[in-house]
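Asks: Below, each chain spelled out in residue letters.
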Amino acid sequence: MARKLRRALKVVTKTFEDEFHHQPGTLPGTIIIDADAPAPIIFLIDYNQTNFTREQIATPEECIPYLEMETISWVDVQGLGSQDILQRLGRVFDLHPLVLEDVVNVPERPKTEDYEDQLLFIARMVVPKERTCGFYSEQVSLILGKNYLLTVQEEPEHDCFEPVRSRIEKAKGIIRSQKADYLTYALLDAIIDGYFPVLELYGERIEELEEEVIVKPTPQTLQSIYQIRRELLQLRRAIWPQRDAINSLIRDGSDLISEDVRIYLRDCYDHTVQVMDMVETYRELASGLMDVYLSAVSNKMNEIMKVLTVVSSIFIPLTFVAGIYGMNFNTEKSPYNMPELNWYWGYPMCLGIMVAIALCLLLFFWRRGWLQNSVPTKRN
Amino acid sequence: MARKLRRALKVVTKTFEDEFHHQPGTLPGTIIIDADAPAPIIFLIDYNQTNFTREQIATPEECIPYLEMETISWVDVQGLGSQDILQRLGRVFDLHPLVLEDVVNVPERPKTEDYEDQLLFIARMVVPKERTCGFYSEQVSLILGKNYLLTVQEEPEHDCFEPVRSRIEKAKGIIRSQKADYLTYALLDAIIDGYFPVLELYGERIEELEEEVIVKPTPQTLQSIYQIRRELLQLRRAIWPQRDAINSLIRDGSDLISEDVRIYLRDCYDHTVQVMDMVETYRELASGLMDVYLSAVSNKMNEIMKVLTVVSSIFIPLTFVAGIYGMNFNTEKSPYNMPELNWYWGYPMCLGIMVAIALCLLLFFWRRGWLQNSVPTKRN
Amino acid sequence: MARKLRRALKVVTKTFEDEFHHQPGTLPGTIIIDADAPAPIIFLIDYNQTNFTREQIATPEECIPYLEMETISWVDVQGLGSQDILQRLGRVFDLHPLVLEDVVNVPERPKTEDYEDQLLFIARMVVPKERTCGFYSEQVSLILGKNYLLTVQEEPEHDCFEPVRSRIEKAKGIIRSQKADYLTYALLDAIIDGYFPVLELYGERIEELEEEVIVKPTPQTLQSIYQIRRELLQLRRAIWPQRDAINSLIRDGSDLISEDVRIYLRDCYDHTVQVMDMVETYRELASGLMDVYLSAVSNKMNEIMKVLTVVSSIFIPLTFVAGIYGMNFNTEKSPYNMPELNWYWGYPMCLGIMVAIALCLLLFFWRRGWLQNSVPTKRN
Amino acid sequence: MARKLRRALKVVTKTFEDEFHHQPGTLPGTIIIDADAPAPIIFLIDYNQTNFTREQIATPEECIPYLEMETISWVDVQGLGSQDILQRLGRVFDLHPLVLEDVVNVPERPKTEDYEDQLLFIARMVVPKERTCGFYSEQVSLILGKNYLLTVQEEPEHDCFEPVRSRIEKAKGIIRSQKADYLTYALLDAIIDGYFPVLELYGERIEELEEEVIVKPTPQTLQSIYQIRRELLQLRRAIWPQRDAINSLIRDGSDLISEDVRIYLRDCYDHTVQVMDMVETYRELASGLMDVYLSAVSNKMNEIMKVLTVVSSIFIPLTFVAGIYGMNFNTEKSPYNMPELNWYWGYPMCLGIMVAIALCLLLFFWRRGWLQNSVPTKRN
Amino acid sequence: MARKLRRALKVVTKTFEDEFHHQPGTLPGTIIIDADAPAPIIFLIDYNQTNFTREQIATPEECIPYLEMETISWVDVQGLGSQDILQRLGRVFDLHPLVLEDVVNVPERPKTEDYEDQLLFIARMVVPKERTCGFYSEQVSLILGKNYLLTVQEEPEHDCFEPVRSRIEKAKGIIRSQKADYLTYALLDAIIDGYFPVLELYGERIEELEEEVIVKPTPQTLQSIYQIRRELLQLRRAIWPQRDAINSLIRDGSDLISEDVRIYLRDCYDHTVQVMDMVETYRELASGLMDVYLSAVSNKMNEIMKVLTVVSSIFIPLTFVAGIYGMNFNTEKSPYNMPELNWYWGYPMCLGIMVAIALCLLLFFWRRGWLQNSVPTKRN
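These protein sequence lines map, in sequence, to chains W, X, H, G and U. According to the working numbering, the stretch in the first sequence is residues 1 to 380, in order. According to the working numbering, the stretch in the second sequence is residues 1001 to 1380, in order. According to the working numbering, the stretch in the third sequence is residues 2001 to 2380, in order. According to the working numbering, the stretch in the fourth sequence is residues 3001 to 3380, in order. According to the working numbering, the stretch in the fifth sequence is residues 4001 to 4380, in order.
Keep in mind that the hints are not guaranteed to be accurate.
[What the hints assert, rightly or not] With a straight-line cut-off of 30 Å between C-alpha atoms, the simulated DSBU-like cross-links for lysine-lysine are:
(1) 1179/X <-> 2333/H
(2) 4216/U <-> 3216/G
(3) 1111/X <-> 1146/X
(4) 4111/U <-> 3179/G
(5) 3333/G <-> 4333/U
(6) 2333/H <-> 3333/G
[Claimed, not checked] Covered stretches of chain G (chain H as the covering partner; in silico rule of three or more C-beta atoms under 8 Å from a C-beta of chain H):
(7) 3104-3112
(8) 3214-3226
(9) 3282-3296
(10) 3304-3311
(11) 3314-3320
(12) 3337-3343
[As the list claims (entries may be wrong)] From chain W, some residues computed to sit far from chain X (all C-beta separations above 12 Å):
(13) 32
(14) 34
(15) 35
(16) 57
(17) 62
(18) 70
(19) 71
(20) 218
(21) 237
(22) 247
(23) 276
(24) 326
(25) 329
(26) 344
(27) 369
Hints listed in this document are in silico derivations from the structure and should not be mistaken for laboratory results. A quick note: this is a predicted structure, and the numbers were derived from the prediction, not measured. All C-beta atoms, glycine included, are put in the ideal place defined by N, C-alpha and C.
Just chain W, with the same shape it has in the complex (with noise of 0.2 Å):
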């Protein structure tokens, strides 16, 4: 069973592990390519009110018509994997160095950066496991520039963006009559909307905790309800620098992000601030919940000493009785020694003192109400 465990905290810990891989020292603007990060594919969506364009590219380059028509073109890169695509990309947009290094050395913190003509929001989006209770997690960039918007996320799978490409696609809405700056709310608040089906889950998973806790503690309910903890402080690590991003977005934002946008903008703050609110309600909850879990735990113990002591208390003496009456006190030498033994209601008497003992003790543990059974078992 250890074997599972461990198991279950590798997944859970992979998080973790991949965080660091900072150079002390290296210089700034360095990019550094993880040996198992994928080769990026590079789609392009390129659209006004009329015309829609869609497809895969090869290379950075050949967005370069795209990016000098009037129309809106949305680069998106996926996948880390290639240094060399990486510092072509940065080439054809004109990157900063120091926006390649966030782009390229994930994870960085949520936030927003403004580079004259370029925009840099660091975002990080999350995508439900399927079946258990976690999330896939990866960062997002978005790069807004006059007519364009370069997005460039970790891996290609779990993308939560296909509702609004269907939605360019399809002329649903006014998004095909809008700037690239309405291009990257939507895509934010797609982003921002991803967090409510991870919420939900851990909502379920907490609920179940809340009645396992009570009905059946066990330490696998204790490794559950750490490991929420813990995965809700990875969620809350992500929410709440995203917050700041976008507050900072519809405030000091440049001419980049029109007026109409922002309110849109707002909305999606509010969003942004739900989740936050629901991420600190479950962690109060799951904290709640060990506080439960050490005193179902303690009532337990409780059970089991009670039994404990109903048992001895009622037999310890009883055998001592019995004890009494099996000592080898020669009667012949004596008629104080032990004449219970030869009396004719010797043996009779001698239960009935065990009965009576017995059933005084059961009273007195009755009163106590140690004989009622309080802790909810598993079965009725």
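Start from chain W and add chains X, H, G and U according to the hints.
Replies: Quick look at chains X, H, G and U alone, frame taken from chain W:
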């Protein structure tokens, strides 16, 4: 019993289950109708200092003539179960798509939003449950226009606006001579005042638990404490943003709110802070109760252990003495082999030794205070 | 005992029971008279540098001539039991309906409100109970006008203004040469200083509990700690908003408060902060005491378990040895069947083995330190 | 032992007992002389770059000629035991009544107050106790005027100003060439630096307790941890407001403090923050120690229970086996009645069964790891 | 074992022991040389875009010619063991006495100080220990002048600047073409990045403990958790003020820092915040582990108690039955005296009763789930 428990938990946690139906990546402004949402009922109250109309109307368009008059119109929609009616409502009142989304896609975090000629206030209304400690909670959106107020409630039951309606009808106080902003204040005030009876219930429940936890702590007590903490957490989540929303109403409010009404809103704000204070106080009390519970369980265990220890420590040595004289050493083979068995006073002496041992141990335990009953029992 | 306990709790929690009588949706400015509120008594003190009048008056209207004079008039209303008198009072002093509501509908959160030519200050006054650790708490509203001060107290008993009255009467200090704002300061100062004796009681009670919790922790100790935490929570709720209120009096105060008096109020503010500091310190101490209590109970359990373990572990093996030689194997059937029973030194050897076992175990326990008494008992 | 404990507690808590002597409603500016306050002793140091005078003076009026000179006069009053002298002092230095009250009515919260041509700084000085872990604490008020500094200490003992006096006397450093503001800085710096040796004591004490709590936790350990938390709480209450006071000295300070001295005060502020950091760190460590203590006590209980369980679980079954063959069924009545008693190998077989049972159980316990000693004992 | 423990604690706590050597009342600007501080070694790197010099120099005065040139001079002093050299250094670089004091009197809190033509930055550098979880920590002071940077390290070992030195030497990146402010940034960046490997160690250690605490909690686990909390507390104390210092460098920085470098510093600030985030996360995890530990210990106790209870509860009643038939009532005196002893099926019936009792009890315990093994043992 566990089944009852499960059912109880269901009720508590329902509010959480219902909470999320955001679909990541959906179009902003999308209206999602919950399958079991009740069909909307529309009430209209139209009044000025001299006239008063109160009627139920079938379609949103019936409001239009009232809205065009100078009188104050209060349109109260109860229930979110029809996409068609809600969208027509949006057109009649000329609502921004985000406003409609916030109003319909419950739950939204309480907030104030300023849309040029409209002011959106999202509030959360609570109504105490009869006979148990708990509350119904529903979202109320108030949209204040120049001479109208549109309110949208989640469901038609449980509404704390009746006193306001009757004040308008009977022209009690100054309400008939005031504008729609005063009506907004009156409803907000009713919503905030609605928290007090709910809190009163929790105050009483905590008092009951305070006695229970000391006098007779059971696992059910533990569960009640956890449940109260959980529900207070929900109240807290509802009231904190409400405070901010009222505050921003007072400070940044548009022209739609007059200086006079702002003085009234300040009073409403004070009540909100008072509710928050009480919620926080109750949360601290409930969390203190958890500590007390844990200590009380430990105390109970001490009591159990004391009984076991006293009984065992007295009878185990006595049984040993009886065991010695139950040995079968052959007294005929040697004068050293249990000569006591053949003594004239052997048996009385043996009993005497036993009584002496028991008394010594009782004295020892009495001096330690272990014979006194220190846990309050349920009878006296 | 539980009955006593219940009664004790009643007293503690009364403050909470009394707390709410807001009726959701009532007319703003509504005066609600509590059924058991004492009838109001009105005292008037009118003075300037040379003259002094002090009398009890029957109706609010008797104040009018004094108010029209240039002298300082202090009207002190004690008790909230008559709607008629309170409303006439409102007319005499020309109070805003919300002021009257705040004054009458206790409890209101301490605050400062500025109404053009009047300044409302709501304070909470505490008076220590005699002989026990606790306090009476009542709301005092101060309404400062140009040359008058109206104070409204919840009830006529327990008032800490007597020294101020006597200072006015005997013209001690500078009070007779000052305006109504200085009188306001003097009363606020008396209210804040009234917290110190109450806190002193809690300081002493905490000291007692510190000894009790280490030397002889009982369930009553636990309850006392919880009670103190609860009452400190109430004090905290009273003093925190008072600080903010005094602060806003100093900073945003209207023309009604002169620069000189502001310096005095700054001093009063410092005392409020000192009270808050002490409340927080006591709260931390009380919460630390809870931890100590839990540890002390665990220590006591350790002691109990040690006794049980030492006694059981010594006598159970001995009883086993005695049990062996109590077996009835037939020594005549075989030389291997319990030959010890027929040995010459059989019984002494058997006893010797028992003593040896007991000594070994005692040595084992002594080296573990389990034979020393490590919990302070109540006798020495 | 409990008596010693009580005495120990007395000493610790004395600081709290002494704390309040505010009489509610007393005249502002009232000087209250504590009965056991030591009589004031007045020292005067007068210096400029060339001259130096140091003498003890009998009456405040003797300062006047020095104050009228251009030299820097430092008047140091030690002890608050005479109302007459303190009031004459107030007249000589022309103190505001509230200043005199703050200076005399100890304890006052550390703060800076600006009175046109005077600056009041209230500080709290700590001096480590010899041989034990603890500190003396006394209030020092510094009143800075144009070319003088008046300092008032609670009592003549324990003063950390000697190095400053000697620096002035021996003209070490730049102090003789500076104004009174530099002297103020020098004294404040000495006061803040005085916290470091006290904290060092607590650091050492915490280290000792860290070992004690793991190796040999006793109830005395628990008490020591609580005591340290309590005293750190006091230090915290002293140092937090001091930081604010120094900060407001730097930022809002009057003309009495030159730009150059402000740079020095900034350094002093940094040290104050460092003290605060250390107090907070120690508080966290002490509170962590409490958790460790509770866990260590639980561990110890586990050890005790293991011994009881191992011994009982092995010998109780064995005793049962012995009990069986101690029964007196009549072997002559039937061949089924305990034929083992008459077997040739009966007794050895019975002993063999016992040994086998014991070994099985030992194996069971050994595999669970209950036979290993896992609590560090005090000997090795 | 306790000795090992003590030694381990020594190492942990050493950082605290070393912490304070402030002497209350010493002259500001006093340099105090620690007896065991290593003698200073001075390295000089002088470079511009074309030239590069790197040498070890013997006296501070040898820097002067380099300082007078237009090239960038980086003087790196390692070790604080000579008062003479440090004071000459102060004269060469024209340091304010307070700067020298801050640099030499370690530890000082990380901070930025602006002295007209110099900028002092105090930082704390950490270097992970090999093979164990821990870190060396030392203070680094950076004094930035117009075209030089003076760095002072506490000791010559453990320095994370080597990559920067090599970047200068090999002219990698833009460092050779930048001013001294960029060099300052590069070093600060190296210092902050140095925290990541240390945190990685703690992340791994926490993961190990997470498994240990569930699978096999021992007192050593408890100690490890406490130690980690303690060391994270130290990291936190180092990193928090560093964040403020970098922030004030970005915002209030003097002319010595160019706009371009400020963008780089912003990046460095983000990394500092990320370090802080991780420290806080680890602190929460470690504190959660403490709760889990306590619960795991309670679980273990439950296991122990279950074994004791099951064994005792089964065998004590059986022993009682055996005891009954071991009594010596004389069967010849009466037909009621233990007739069972003479029955033909007496003994088998007695054994049958015993088996039946045992089975009933086993069933009872099995239904309670006490026979299952619920604590993960170390073997499987």
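Asks: So, for every hint listed, does it hold in this structure?
Replies: Do the hints match the structure? See the list:
Only pairs whose Cα atoms come within 30 Å are accepted, and residue 1179/X paired with residue 2333/H is rejected, the gap being roughly 115 Å. Of the pairs offered as hints, the one joining residue 4216/U and residue 3216/G holds, with about 22 Å between alpha carbons and a cut-off of 30 Å not exceeded. Taking the CA atoms of residue 1111/X and residue 1146/X, the gap is about 20 Å. The hint holds against a cut of 30 Å. Taking the CA atoms of residue 4111/U and residue 3179/G, the gap is about 28 Å. The hint holds against a cut of 30 Å.
Restraint check for residue 3333/G and residue 4333/U: satisfied, since their Cα atoms lie roughly 17 Å apart, inside the 30 Å limit. About 17 Å separates the Cα atoms of residue 2333/H and residue 3333/G, which keeps this hinted pair within 30 Å; it holds. Only residues whose beta carbon comes within less than 8 Å of a beta carbon in chain H count, and the segment 3104-3112 of chain G has 3; three or more means the coverage holds. Under a criterion of three residues with beta carbons nearer than 8 Å to beta carbons of chain H, the stated coverage of the segment 3214-3226 of chain G is upheld, 6 such residues being counted.
Residues of the segment 3282-3296 of chain G lying with their CB closer than 8 Å to a CB of chain H number 3, which satisfies the three-residue condition for coverage. Only when three residues or more bring their CB closer than 8 Å to a CB of chain H does the claim for the segment 3304-3311 of chain G stand; here the count is 5, and the claim holds. Under a criterion of three residues with beta carbons nearer than 8 Å to beta carbons of chain H, the stated coverage of the segment 3314-3320 of chain G is upheld, 4 such residues being counted. Proximity of the segment 3337-3343 of chain G to chain H, defined as three or more residues with a beta carbon under 8 Å from a beta carbon of that chain, is established by the 5 residues found.
The Cβ of residue 32/W lies farther than 12 Å from every Cβ of chain X, with a closest approach of about 31 Å, so its non-interface assignment holds. Residue placement check: residue 34/W keeps its beta carbon more than 12 Å from all beta carbons of chain X (closest about 27 Å). Consistency note on residue 35/W: stated as away from chain X, and its beta-carbon is indeed over 12 Å from all of that chain's, at 32 Å minimum. With a closest Cβ-Cβ approach of about 23 Å to chain X, residue 57/W is found to remain outside the 12 Å limit, as its non-interface label requires.
For residue 62/W, the condition that its CB be more than 12 Å from all CB atoms of chain X holds, with the nearest at approximately 27 Å. The claim that residue 70/W is not at the interface with chain X holds, since no C-beta of that chain comes within 12 Å of its own (minimum 25 Å). The beta carbon of residue 71/W is kept farther than 12 Å from every beta carbon of chain X, the shortest such distance being approximately 21 Å. With a cut of 12 Å on Cβ distances, residue 218/W stays outside the contact zone with chain X, its closest approach being about 15 Å.
The Cβ of residue 237/W sits about 20 Å from the closest Cβ of chain X, beyond the 12 Å cut-off, so the non-interface label holds. Distance to chain X confirms residue 247/W as a non-interface residue, since its nearest Cβ pair spans about 14 Å, more than 12 Å. Remark: the non-interface label on residue 276/W conflicts with the geometry, its nearest Cβ contact in chain X lying 10 Å away (cut-off 12 Å). With a closest Cβ-Cβ approach of about 4 Å to chain X, residue 326/W is found to fall inside the 12 Å limit, against its non-interface label.
Taking the minimum C-beta to C-beta distance to chain X, about 4 Å, the non-interface status of residue 329/W is violated against the 12 Å cut. With 12 Å as the threshold on Cβ separation, the claim that residue 344/W sits away from chain X holds: the shortest Cβ distance comes to roughly 19 Å. Distance to chain X contradicts residue 369/W as a non-interface residue, since its nearest Cβ pair spans about 7 Å, not more than 12 Å.
Hints 1, 23, 24, 25, 27, counting from the list given before, are not met by this structure.
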